[in-house]
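Visitor: Could you put the whole structure together from the sequences, leaning on the hints where they help?
0 is the number of the first residue of the sequence shown in numbering that gives the first Met the number 0; add one for each residue after it.
Bear in mind the hints are in silico, worked out from the structure with no lab data behind them.
Between beta-carbon pairs, the in silico distance windows are:
1) H86 - W63: 29 to 37 Å
2) S92 - M57: 44 to 52 Å
3) H86 - I1: 38 to 46 Å
4) I13 - G67: 15 to 23 Å
5) L68 - G25: 19 to 27 Å
All figures in this text were calculated on a predicted structure; none of them were measured in a lab. All residues carry an ideal CB built from backbone N, CA and C; glycine is no exception.
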Amino acid sequence: MIVAVFIQAVIGIILFASAMQGYLMGVGRLGYGALQEIVIRALILIAGLLLALPGGGMVPLSQWELIGLAAAALVPGVLMARLSQRHHRRSQSASVA
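Guide: What follows is the structure, encoded as structure tokens:
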């Protein structure tokens, strides 16, 4: 159990750092445009903080509940980032042609 919580915390720290940097490994840039980027970064940041939190004790949520909440923030954030990248590529190719 300790190893699983440690791995969860490391993933949370990576997500937190990615939100601060604006770039997520395996996804790329987190949005194009100020409002879009703020929303995507906030979702990734929330997911990272939820994964980095220790469950139980002072936090009234179990590890599994934290993982579920983190996934609920991470999945829409990643999907929005992918859609933003696709839209940006299409607008770039349309302006070149």
